[in-house]
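Enquirer: So you can see what is in the structure, the chains are spelled out below.
There are 2 protein chains.
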Amino acid sequence: MNELCPTERLLMGPGPSNVGSRVLRAMSTPVIGHLDPEFSRITDDVCKMLRELFRTGNRLTFPVSGTGSAGMEAAMVNTLEPGDTAVIGVNGVFGMRLADTAARCGATVVSVDAPWGEPVDTGALIETLKKYPRAKICVVVHAETSTGARQPLEELGAFLGNTPTLFVVDAVTSLGGLPVEVDAWRIDVCYSGTQKCLSVPPGLAPITFSDKAVASVNARRTKVQSWYLDITMLQKYWGSERIYHHTAPISMIYALYEGLRVIFEEGLEARFKRHAEVGGELGIGLTDLGFTWFAKEGYRLPQLNAVYPPAPDTVESLRKKLLTEYSIEIGAGLGIVAGKIWRIGLMGETCKRASVAILLDALRRELRR
Amino acid sequence: MNELCPTERLLMGPGPSNVGSRVLRAMSTPVIGHLDPEFSRITDDVCKMLRELFRTGNRLTFPVSGTGSAGMEAAMVNTLEPGDTAVIGVNGVFGMRLADTAARCGATVVSVDAPWGEPVDTGALIETLKKYPRAKICVVVHAETSTGARQPLEELGAFLGNTPTLFVVDAVTSLGGLPVEVDAWRIDVCYSGTQKCLSVPPGLAPITFSDKAVASVNARRTKVQSWYLDITMLQKYWGSERIYHHTAPISMIYALYEGLRVIFEEGLEARFKRHAEVGGELGIGLTDLGFTWFAKEGYRLPQLNAVYPPAPDTVESLRKKLLTEYSIEIGAGLGIVAGKIWRIGLMGETCKRASVAILLDALRRELRR
Numbered sequence: 001m002n003e004l005c006p007t008e009r010l011l012m013g014p015g016p017s018n019v020g021s022r023v024l025r026a027m028s029t030p031v032i033g034h035l036d037p038e039f040s041r042i043t044d045d046v047c048k049m050l051r052e053l054f055r056t057g058n059r060l061t062f063p064v065s066g067t068g069s070a071g072m073e074a075a076m077v078n079t080l081e082p083g084d085t086a087v088i089g090v091n092g093v094f095g096m097r098l099a100d101t102a103a104r105c106g107a108t109v110v111s112v113d114a115p116w117g118e119p120v121d122t123g124a125l126i127e128t129l130k131k132y133p134r135a136k137i138c139v140v141v142h143a144e145t146s147t148g149a150r151q152p153l154e155e156l157g158a159f160l161g162n163t164p165t166l167f168v169v170d171a172v173t174s175l176g177g178l179p180v181e182v183d184a185w186r187i188d189v190c191y192s193g194t195q196k197c198l199s200v201p202p203g204l205a206p207i208t209f210s211d212k213a214v215a216s217v218n219a220r221r222t223k224v225q226s227w228y229l230d231i232t233m234l235q236k237y238w239g240s241e242r243i244y245h246h247t248a249p250i251s252m253i254y255a256l257y258e259g260l261r262v263i264f265e266e267g268l269e270a271r272f273k274r275h276a277e278v279g280g281e282l283g284i285g286l287t288d289l290g291f292t293w294f295a296k297e298g299y300r301l302p303q304l305n306a307v308y309p310p311a312p313d314t315v316e317s318l319r320k321k322l323l324t325e326y327s328i329e330i331g332a333g334l335g336i337v338a339g340k341i342w343r344i345g346l347m348g349e350t351c352k353r354a355s356v357a358i359l360l361d362a363l364r365r366e367l368r369r
Numbered sequence: 001m002n003e004l005c006p007t008e009r010l011l012m013g014p015g016p017s018n019v020g021s022r023v024l025r026a027m028s029t030p031v032i033g034h035l036d037p038e039f040s041r042i043t044d045d046v047c048k049m050l051r052e053l054f055r056t057g058n059r060l061t062f063p064v065s066g067t068g069s070a071g072m073e074a075a076m077v078n079t080l081e082p083g084d085t086a087v088i089g090v091n092g093v094f095g096m097r098l099a100d101t102a103a104r105c106g107a108t109v110v111s112v113d114a115p116w117g118e119p120v121d122t123g124a125l126i127e128t129l130k131k132y133p134r135a136k137i138c139v140v141v142h143a144e145t146s147t148g149a150r151q152p153l154e155e156l157g158a159f160l161g162n163t164p165t166l167f168v169v170d171a172v173t174s175l176g177g178l179p180v181e182v183d184a185w186r187i188d189v190c191y192s193g194t195q196k197c198l199s200v201p202p203g204l205a206p207i208t209f210s211d212k213a214v215a216s217v218n219a220r221r222t223k224v225q226s227w228y229l230d231i232t233m234l235q236k237y238w239g240s241e242r243i244y245h246h247t248a249p250i251s252m253i254y255a256l257y258e259g260l261r262v263i264f265e266e267g268l269e270a271r272f273k274r275h276a277e278v279g280g281e282l283g284i285g286l287t288d289l290g291f292t293w294f295a296k297e298g299y300r301l302p303q304l305n306a307v308y309p310p311a312p313d314t315v316e317s318l319r320k321k322l323l324t325e326y327s328i329e330i331g332a333g334l335g336i337v338a339g340k341i342w343r344i345g346l347m348g349e350t351c352k353r354a355s356v357a358i359l360l361d362a363l364r365r366e367l368r369r
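Chains A and B, in that order, give the protein sequences. Those letters in the first sequence? Residues 1 to 369, by this note's numbering. Those letters in the second sequence? Residues 1 to 369, by this note's numbering.
To be clear, the hints were calculated from the coordinates, so they are not data collected in a lab. Any given hint could turn out to be false.
To be verified - Once the Cα atoms are required to be at most 27 Å apart in a straight line, the calculated DSS-like pairs of lysine-lysine come out as:
hint, chain 1, residue 1, chain 2, residue 2
1, A, Lys236, A, Lys48
2, A, Lys236, B, Lys320
3, B, Lys340, A, Lys236
4, B, Lys223, A, Lys223
5, A, Lys273, A, Lys352
To be verified - Here are some of the chain B residues that sit facing chain A, going by a computed Cβ distance under 10 Å:
hint, residue
6, Met72
7, Val77
8, Asp100
9, Gly106
10, Tyr254
We put the beta carbon where it would ideally sit given N, CA and C, even for glycine.
For reference, chain A alone in the conformation it holds in the complex:
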């Protein structure tokens, strides 16, 4: 087998985003044991920084040992039991995936749909929740990675905060790029992935559970269907007891530790501002080149631009050419917009003026010749 030497890429897809040198180097740190007191101090610090990131005081805040999808599954399997009702906002691939996963937990899924590219109407969600006052969870996707649309959360959270229903939010593509206010917005379970706006390699899923969510899980009639993701056991490893459950992915946790340090050195407000500004610059450049947006105005994510390229017949061929000839990765459309749109990410380390300049330069060359 050959030496490992992949071509360096400018990662402007929907994730992974580019990973900075400090985080890459952190993964080369010698491995120590998952029950070593020194490792416990590192995980304590990681959990502390994740609480800052999620803007929460939730005790149970930790990285799930899997990718963002494992975070989604952890949210579903812990909160749902067979026969429960799950109200789910569906306006893209990740909402559909949530509905599929909830059904695999034996839940009855009540989906509240919206056209792809638009947020799910908060009024429609609240009306549905009034019809299902005993719904166990209500789930929405904060930043729908398949469409580039942002879902407003505050009004829904304020409503759910006064009901027994748990408010579950998919923040895979928003955390670290847009404000996510777990406590202020009364979110009960919120999960993300490391490879988007955090610019840490894929492999961990930060998650947080409110006391209301933990109490609900502790009151289950049945065991959590996943042994691996069962928070009734995981909380004893991530808490002060340090009871062995599974071997934590040490090197990935090193990477997350360093990635979070980088984030707090920049500061959350500055980071959100950077994402908004650089996203805005890309928007101006793309508009100038004849690109149009898939997501509805007012709900577009600066860090994930789902756009129609100006020449519909070269959507896929040009995307591939950008990868092979310019080493720029752009995401393809998923589901109903496969082959029709591009998804251009500007997340974390990728989100800088230089990325925009490199992409626009390549596009000008290819589209105008």
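Mind docking chain B on chain A? Use the hints.
Expert: Chain B in isolation, oriented as in the chain A frame:
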């Protein structure tokens, strides 16, 4: 938050084992996309090397995006449906965990027990399987990490090969340290973890499914209860179709790629011989110091020595002293032998004469003064 600089350890516990510099460096390789054709070539090579390691031609052989426990869960959730019968050999913590996980899949668990430290009797397993000819799976743990006992597999595999029951083997602590012959022993599902005899950081679970196992999963009446671990979807990412399921943990796969290259440069036979020889040297030294073995003679794992230290009252205090004063990590006892035994690992990179010398020197100093 401080710089990340954990103390370097000699990792002689039950895992993680020490990770070599080539593998540590591989993780610093720049991240590329999980759908990049260059990444597909890397994963193809990883799967090819995993087939060599498992000694199988099984098409569906890949690393699960989680630790060894996620591999266990993947084996259970894919093969079992509610109402199925699972015959499980239980002679330690990991057999108990399998029984727990199978029950969470809605299976009826028929456990065949043996005293901790002994293998489960193959005759007893076969007798039980004759009583349950429609059992969906029969599972045993090849190397019981809680007891240091090795489970013979060949005779059981030969029996199961002529039945509809799937032969599932936990090879978490054996793969790369002891021969694991998936095809020759007619194993249908075999999973492992990266952080034991492969000396890759924790975070991936190599797994392989025989055609008999894949056919059984494809004939399910119900969906796999885990979305994240569902091989009916995962096989489309790890196979030639390359259909997006979840974002693969890129940097961990780089580490596994390099770790497997290191393994095949040494050669499997040489590696097994090294584990046997170095394990034998540790055995002589420990016996000389008055240690006795927990596992039954003839079934002891050279790479994981479960031993009674000579002074029962200092089992835990001396273990902690080895960590803090000598930077040597030794594993504690689990379950019924908690506080009574040590588990001394000699896996992968840790398995060398120098590790034995360092440990024996520390023990001589502490036990004889």
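Enquirer: State for each hint whether it applies.
Expert: Outcome of the hint check:
1. A:Lys236 - A:Lys48: Since the Cα atoms of Lys236 (chain A) and Lys48 (chain A) sit roughly 16 Å apart, the hinted pair holds (cutoff 27 Å).
2. A:Lys236 - B:Lys320: 21 Å, holds
3. B:Lys340 - A:Lys236: OK: Lys340 (chain B) and Lys236 (chain A) at ~22 Å, within 27 Å.
4. B:Lys223 - A:Lys223: 19 Å, holds
5. A:Lys273 - A:Lys352: Answer holds: Lys273 (chain A) to Lys352 (chain A) is near 11 Å, not above 27 Å.
6. Met72: 8 Å, holds
7. Val77: Holds, about 8 Å.
8. Asp100: 6 Å, holds
9. Gly106: The hint holds - Gly106 (chain B) has a Cβ within 10 Å of chain A, the shortest such distance being about 9 Å.
10. Tyr254: At 6 Å from the nearest chain A Cβ, Tyr254 (chain B) passes the 10 Å test, so the hint holds.
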